[in-house]
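J.: Chain by chain, the residues run as shown.
Number of protein chains: 2
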Amino acid sequence: MLKTVRRILFGSPLPSWRAVHERLPKVLALPILASDAISSVAYATEEILRVVVLAGAAAIAAPTVPYISLAIVVLLFMVATSYRQTIHAYPGGGGAYIVAKDNLGDAYGLTAGAALTVDYTLTVAVSIASGVAAIISIYPYLAPYRVQMCLIGVLILTLGNLRGVRESGLMFALPTYAFLAGAFSLLIVGLYREHTTGLSIAPSAPVKQVGIPLTTFLVLRAFAGGCAAMTGTEAISNAVQAFRPPESKNASTTLMIMACILGTLFLGISYLAWRIGVVPMEDGTETVVSQIARVTFDFAPWMHVFVQYATCAILILAANTSFAGFPRLASIMARDRFFPRQFYNVGDRLVFSNGILALAFMASVLIIIFHGDTHALIPLYAVGVFLSFTLSQWGMAKRFRKLREPGWRTKVAISSVGAVATGVVTVVQATTKFMDGAAIVVVLIPTLCMIFWAIHKHYIELGNQLRLTPEDKFVPIYNTVIVLTPSLHRGVLRALEYAKGLSADVRALHIEVDPVDTALLIERWERWGGDIPLVILESPYRSLIAPLLDYLEEAKHERENYLITVVIPEFVPAKWWHKLLHNQSGLLLKFTLLFRRDIVTANVRYYVEK
Amino acid sequence: MLKTVRRILFGSPLPSWRAVHERLPKVLALPILASDAISSVAYATEEILRVVVLAGAAAIAAPTVPYISLAIVVLLFMVATSYRQTIHAYPGGGGAYIVAKDNLGDAYGLTAGAALTVDYTLTVAVSIASGVAAIISIYPYLAPYRVQMCLIGVLILTLGNLRGVRESGLMFALPTYAFLAGAFSLLIVGLYREHTTGLSIAPSAPVKQVGIPLTTFLVLRAFAGGCAAMTGTEAISNAVQAFRPPESKNASTTLMIMACILGTLFLGISYLAWRIGVVPMEDGTETVVSQIARVTFDFAPWMHVFVQYATCAILILAANTSFAGFPRLASIMARDRFFPRQFYNVGDRLVFSNGILALAFMASVLIIIFHGDTHALIPLYAVGVFLSFTLSQWGMAKRFRKLREPGWRTKVAISSVGAVATGVVTVVQATTKFMDGAAIVVVLIPTLCMIFWAIHKHYIELGNQLRLTPEDKFVPIYNTVIVLTPSLHRGVLRALEYAKGLSADVRALHIEVDPVDTALLIERWERWGGDIPLVILESPYRSLIAPLLDYLEEAKHERENYLITVVIPEFVPAKWWHKLLHNQSGLLLKFTLLFRRDIVTANVRYYVEK
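Top to bottom, those sequences are chains A and B. Going by this note's numbering, the first sequence opens with residue 145, and the numbers climb by one from there. Going by this note's numbering, the second sequence opens with residue 145, and the numbers climb by one from there.
It should be emphasised that the hints constitute simulated quantities derived from the structure, not laboratory data. Honestly, I wouldn't trust all of these hints.
Any copy will do: because identical chains look the same in the list, a pair fits if it lies in one copy or spans two.
[Stated by the list, open to error] Below, in silico cross-link-like pairs of lysine-lysine (DSS-like), each with a Cα-Cα straight-line distance of 25 Å or less:
1) Lys644 <-> Lys700
2) Lys734 <-> Lys644
3) Lys700 <-> Lys617
4) Lys644 <-> Lys601
5) Lys546 <-> Lys393
6) Lys601 <-> Lys719
7) Lys723 <-> Lys734
8) Lys754 <-> Lys700
9) Lys393 <-> Lys170
10) Lys734 <-> Lys719
11) Lys352 <-> Lys546
12) Lys754 <-> Lys719
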């Protein structure tokens with residue numbers, strides 16, 4: 145029954161040889177691997193606006209938002225250029241954990257691993273929350289069910305990934321292409337209408353004429369928020385192996401195409417938002433992108449609806465990339481003994497089931513704590529992402545300096561500049577958004593590192609204790625077999641017969657509660673007891689456990705190199721309710737002995753036919 | 145820790161030799177054994193009044209209640225006289241179950257057993273509910289907590305009885321003597337004041353001038369309600385052994401004293417209730433006895449309070465008698481294999497713990513269902529009591545006719561008259577109160593009988609299957625020992641060494657998930673594997689379970705008279721959280737094999753030191 149339900153939900157088990165790598169052409173690799181990065185435009189502009197709006201109407205009217213966006217796009221191209229080098233250096237896939245561990249050492253690798261763990265979890269939470277927000281923007285009456293909708297999204301992704309969804313490449317390309325179609329239409333139509341007839345929007349929320357001053361800190365905070373646009377940039381360099389040969393070249397080209405698309409969309413949306421005068425809604429009932437689409441497509445509302453659905457679709461696809469990425473990271477870290485080894489193995493559908501479940505659990509907790517609010521989640525997000533950018537590029541710089549290949553000076557320069565830039569942004573992220581939630585991550589990452597170390601230490605120590613050395617010899621261990629004998633019937637006889645085959649030293653042990661029973665037992669013993677000695681222990685307090693444990697303690701010390709095997713006879717009734725009619729003393733004894741040293745228990749079952 | 149809590153709550157275990165019978169002098173036997181019967185006066189009069197009041201003011205004004213009470217007292221003396229004969233015939237204690245089973249056969253014995261089971265449960269529920277009602281009569285603001293107070297009462301009795309409370313005889317005599325002092329004071333002062341100055345009460349509830357006609361049915365219903373006064377009459381005859389020698393004579397005398405006290409109090413209270421004109425309160429905030437005491441002792445309210453506390457005390461004592469009686473009945477019926485055998489043994493405090501817990505559970509369920517309302521519970525009560533009276537006396541009549549001892553004709557006559565009278569009352573109970581709840585009992589008693597039979601049948605069939613016959617011979621069984629070998633380390637080596645001592649046919653079984661692991665295993669095997677053959681199974685679906693089960697099925701059929709022993713190596717980590725870092729595959733395998741036939745599992749544990 146359980147098996148059937150399992151099969152329907154997750155499909156039949158897949159044999160190991162099915163795990164051959166499916167190689168992707170660029171036209172599929174782009175939408176699948178770039179969805180995480182490109183989908184960020186759904187929330188990045190809004191994050192900048194939410195800070196700038198605090199500075200009042202003048203700040204909104206000035207081109208503050210487009211200029212901040214431009215700065216982020218510059219940073220994006222720095223990082224992309226730097227990651228092209230990683231792609232060529234690590235054709236097997238160069239995630240921040242591997243690069244940092246290889247080139248900087250375990251401690252930095254672990255820091256990157258912790259940052260990535262946080263990052264993957266937040267990608268799921270933020271993308272799903274943002275996808276749900278895109279839908280709520282067109283159906284505002286769904287707003288009260290925000291958290292439930294997010295959790296259903298996580299559940300669907302979890303089930304899909306437990307089944308193993310990799311095979312359907314084309315289906316996964318559609319959402320990205322749909323989003324690109326919608327987003328570019330929005331830009332073209334929006335820019336055209338803006339420059340001809342002009343577009344404007346009634347402010348959805350009153351903007352203070354004079355806000356707080358637009359200090360450097362506030363600008364940095366807005367910049368830090370907008371950096372959410374860059375999340376997911378690393379995805380392509382992690383998955384070079386997924387490309388068709390020449391892998392590195394194809395991956396590198398795809399990365400640059402992705403950066404161009406992302407940069408164009410992000411800049412365009414920020415520009416339109418400024419020109420139209422969009423103000424973000426505090427209560428989150430409509431996203432900035434939705435407001436732009438609503439006014440741009442006021443002549444064709446179905447286009448607005450299409451943009452929203454496509455946004456939701458690409459965001460869910462973005463969340464899905466974490467469901468592939470985190471379990472793979474967990475498996476690699478488990479191989480290196482930093483993660484519990486349950487994360488190492490693939491399940492019977494060739495997916496890392498434990499990693500999928502752990503990710504779904506962590507993301508659900510975040511969604512519940514932050515009420516599925518994208519804006520509340522984002523301050524936690526970018527610190528981890530930029531920390532891993534920094535470590536990865538720093539690692540690459542060190543690597544190039546060490547290898548001194550042709551042109552190494554340029555490579556070191558590119559990686560170093562990228563590392564310094566993203567390192568500065570990491571600090572900006574952590575400080576400007578510290579009170580908004582970044583503090584949690586600042587505490588969480590070192591904590592995770594310590595946990596990874598503790599796990600590692602345990603496995604290493606365990607390995608040292610379990611490892612066989614030349615001193616270890618194979619020495620057979622002999623047995624004192626003790627059969628618990630409350631009475632003598634067919635079930636007990638079978639246990640005695642079994643015990644007789646195990647050892648030369650078999651004893652039957654009877655704990656006397658009622659002397660009448662003992663007399664009956666002795667009488668039967670003479671007839672059916674074989675030549676097994678019967679030991680009778682008194683139990684003045686009618687307990688079965690205490691005298692048994694005392695006897696076993698003594699028996700343990702009789703000889704060297706002997707183990708005690710306790711044989712517990714059981715009979716298995718034919719019907720389930722019959723079990724209620726028997727003392728569960730066998731189970732109780734077994735449970736008690738489970739925690740005793742140097743005692744092995746063996747239950748010999750006798751099946752009753754009716 | 146758990147052990148300490150246990151000891152504080154229930155006391156230290158008691159050795160078996162402490163179970164010598166404490167013999168009671170009459171002056172202690174009376175209050176302890178008669179509390180159940182005598183306490184019935186706390187609610188019996190009220191039960192009559194509640195029916196008579198339906199017939200309107202004229203029926204209350206006429207001496208209906210005293211005359212019905214008189215009829216019940218006559219019946220009481222018939223039953224008491226009849227039970228004197230039981231006491232002499234069964235000096236070892238003659239409960240209805242034993243008497244009916246001995247003289248009428250198993251089916252009647254079981255019916256009596258079922259009736260008594262219902263009876264004991266209701267004694268607890270009714271007595272506690274009535275005791276709580278006595279307290280609420282003086283503190284009406286406690287009325288909303290009725291159910292909670294009842295459950296606390298059950299809990300206290302349960303804990304007390306699990307500790308074993310028999311030793312404190314004198315403490316148990318006090319409530320009865322206090323109640324007798326209070327009740328007789330009430331009668332004497334009440335009758336005196338009534339016949340000199342007169343007493344009257346303002347009707348607490350309006351009585352209809354013209355009610356429904358006082359038909360024979362209504363009178364019978366009132367009579368049936370009042371019969372609650374007789375519950376507990378059998379207690380003394382069940383416990384003849386508790387008396388000092390000459391046991392039967394002392395018990396018989398005590399029974400007659402009890403009947404006289406009960407009869408006097410019941411008649412007196414019913415008479416006073418009529419003369420004063422008490423009307424029962426529908427909402428149950430004050431009992432009839434409390435109303436009488438309030439008006440009788442209006443010059444000394446503390447006497448009223450005393451009567452109420454004493455009433456509560458004797459009722460709790462009455463409930464306590466069931467906590468001694470039911471577990472003893474359950475143990476006797478378990479010995480006869482009609483009850484689950486868990487009820488047979490005494491626990492470490494020399495009490496039948498399972499019987500006590502079962503009774504407490506059933507009584508609590510009743511209290512919750514009927515909201516702790518005495519009046520709602522009583523219709524369920526008397527059917528069982530009178531059914532057991534009938535069966536007991538019928539059994540005695542049959543016994544006397546069979547034994548034909550001197551004077552047997554008189555004895556047969558007394559028992560027969562008693563049996564017929566109580567038999568008729570049983571039918572009256574079942575019919576007049578059918579819709580008030582007696583229907584439940586009418587269904588429940590045959591259902592219980594069927595359950596008892598099913599239990600009996602199971603034990604007999606099981607005994608036949610397990611019993612050794614001359615054909616059974618002691619034939620040692622040999623072993624195919626299979627050691628599960630995921631890898632080779634010290635923990636596995638120990639399991640292999642252990643297995644080597646068990647049998648000549650030991651095999652190590654490795655299920656291949658990753659060929660790299662297999663190669664490593666084979667390399668180590670040559671060095672440390674002893675001469676044990678290593679069997680390697682492929683698992684294309686990476687499952688450990690399926691290939692193992694297939695292999696075991698084959699191995700089973702290799703030879704006759706062999707069992708398969710599966711040795712599962714385990715290592716036990718030093719810290720609890722280390723367990724989270726290891727696959728629980730050992731546990732999973734053990735659980736799977738638990739339900740396979742002809743396979744014994746043995747876990748060999750290796751303790752890791754740090």
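J.: From the Cα coordinates, with 25 Å as the cut-off, is the pair Lys754 and Lys700 best called within, between, both, or neither?
T.: between (40 Å within a copy, 24 Å between copies)
J.: Within, between, both or neither: how does the pair Lys601, Lys719 come out at a Cα-Cα threshold of 25 Å?
T.: Between copies, since 13 Å is at most 25 Å while 49 Å is not.
J.: At most 25 Å between alpha carbons: which applies to Lys352 and Lys546, within, between, both or neither?
T.: Answer is neither; intra-copy 55 Å and inter-copy 108 Å both fail.
J.: With identical chains treated as interchangeable, where does the CA-CA distance between Lys734 and Lys644 reach 25 Å or less: within a copy, between copies, both, or neither?
T.: Answer is both; intra-copy 20 Å and inter-copy 23 Å each pass.
J.: At most 25 Å between alpha carbons: which applies to Lys546 and Lys393, within, between, both or neither?
T.: within (24 Å within a copy, 109 Å between copies)
J.: Within a copy, between copies, both or neither: which one fits Lys644 and Lys700 at a CA-CA cutoff of 25 Å?
T.: Intra 19 Å, inter 19 Å, cutoff 25 Å: intra and inter.
J.: With identical chains, the pair Lys700 and Lys617 could be close in the same copy or across copies; at 25 Å between alpha carbons, which is it: within, between, both, or neither?
T.: within (22 Å within a copy, 31 Å between copies)
J.: At most 25 Å between CA atoms: does that hold for Lys723 and Lys734 within a copy, between copies, both, or neither?
T.: Both: 17 Å inside a copy, 20 Å across copies.
J.: Is it within, between, both, or neither for Lys754 and Lys719, if the alpha carbons may be no more than 25 Å apart?
T.: within (8 Å within a copy, 45 Å between copies)
J.: Under a CA distance limit of 25 Å, which applies to Lys644 and Lys601: within one copy, between copies, both, or neither?
T.: neither (45 Å within a copy, 34 Å between copies)
J.: At 25 Å max between alpha carbons, let me know whether Lys393 reaches Lys170 within a copy, between copies, both or neither.
T.: within (11 Å within a copy, 106 Å between copies)
J.: My question is about Lys734 and Lys719: at a cut-off of 25 Å on alpha-carbon distance, are they close within one copy, between copies, both, or neither?
T.: both (22 Å within a copy, 22 Å between copies)
Checked against the numbered hints given earlier, this structure breaks hints 4 and 11; the rest are met.
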